[in-house]
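Whole structure, please, built from the sequences with the hints as guidance.
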Amino acid sequence: MPHSGESQIFTPLAEPVFRAGCKELGAEWALGPGASEAAPFALLVIQYVAETSRYQAWLTGALRTNFAPDLIMVSRTAAAFRAMILLGNWRAEQCSAERLEQLRDECLAEVRSRFEAGDQDVTVHFDPTSALYAEED
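One point on numbering: in numbering that gives the first Met the number 0, the residue at position 60 of the sequence shown is 59, and numbering is uninterrupted.
Worth flagging that the hints you see were computed from the coordinates, not collected in a lab.
Beta carbons are placed, not taken as given, at the ideal position from N, Cα and C, and that holds for glycine.
Mixed in with the good hints there might be a few duds.
To be verified - Cut-off 16 Å, straight-line C-alpha distance, at most; resulting in silico cross-link-like pairs (EDC-like, lysine to aspartate or glutamate): (1) 22 / 100; (2) 22 / 50; (3) 22 / 97; (4) 22 / 115.
Said to hold, decoys possible - The calculated label-pair distances, taken between Cβ atoms and stated as ranges, are: (5) 51 / 118: 23 to 29 Å; (6) 7 / 101: 40 to 46 Å; (7) 80 / 118: 28 to 34 Å; (8) 90 / 8: 25 to 31 Å; (9) 49 / 7: 36 to 42 Å; (10) 10 / 53: 25 to 31 Å; (11) 50 / 10: 33 to 39 Å; (12) 112 / 21: 25 to 31 Å; (13) 16 / 128: 28 to 34 Å; (14) 12 / 49: 32 to 38 Å; (15) 100 / 64: 26 to 32 Å; (16) 51 / 7: 16 to 22 Å; (17) 88 / 116: 19 to 25 Å.
So this is what it looks like as structure tokens:
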């Protein structure tokens, strides 16, 4: 826990919360409580898009606002959209849970490697003071 005046360091090396959907897997890292009611988090998404017969993976930043225990809003700022990183785009005739998990693990390793190398395109997603998380009026 940081002492008063110290800023906490967030990293993709920490274990993320994993999310699963029908044709999508995600990993997210909470980046603290945020400056306002919206809490920033980094999000890695791997999904299968049936219309294009492709898997896609990207890293982005988002804000989560809890209005009530069962009412949560997730939003992204324009800066987060511009900074989104496309990690891969793979052709596949159908969705496979095993392939989704394999791609998630590969992309997670890539995000961690790029973070450790100091890649600013990645590190900015783990900085809660970044413009990616500044709420727009």
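Output the numbers, in ascending order, of every earlier hint that fails for this structure. When the structure is compared with the hints, numbers 4, 6, 7, 8, 13, 16 turn out to be violated.
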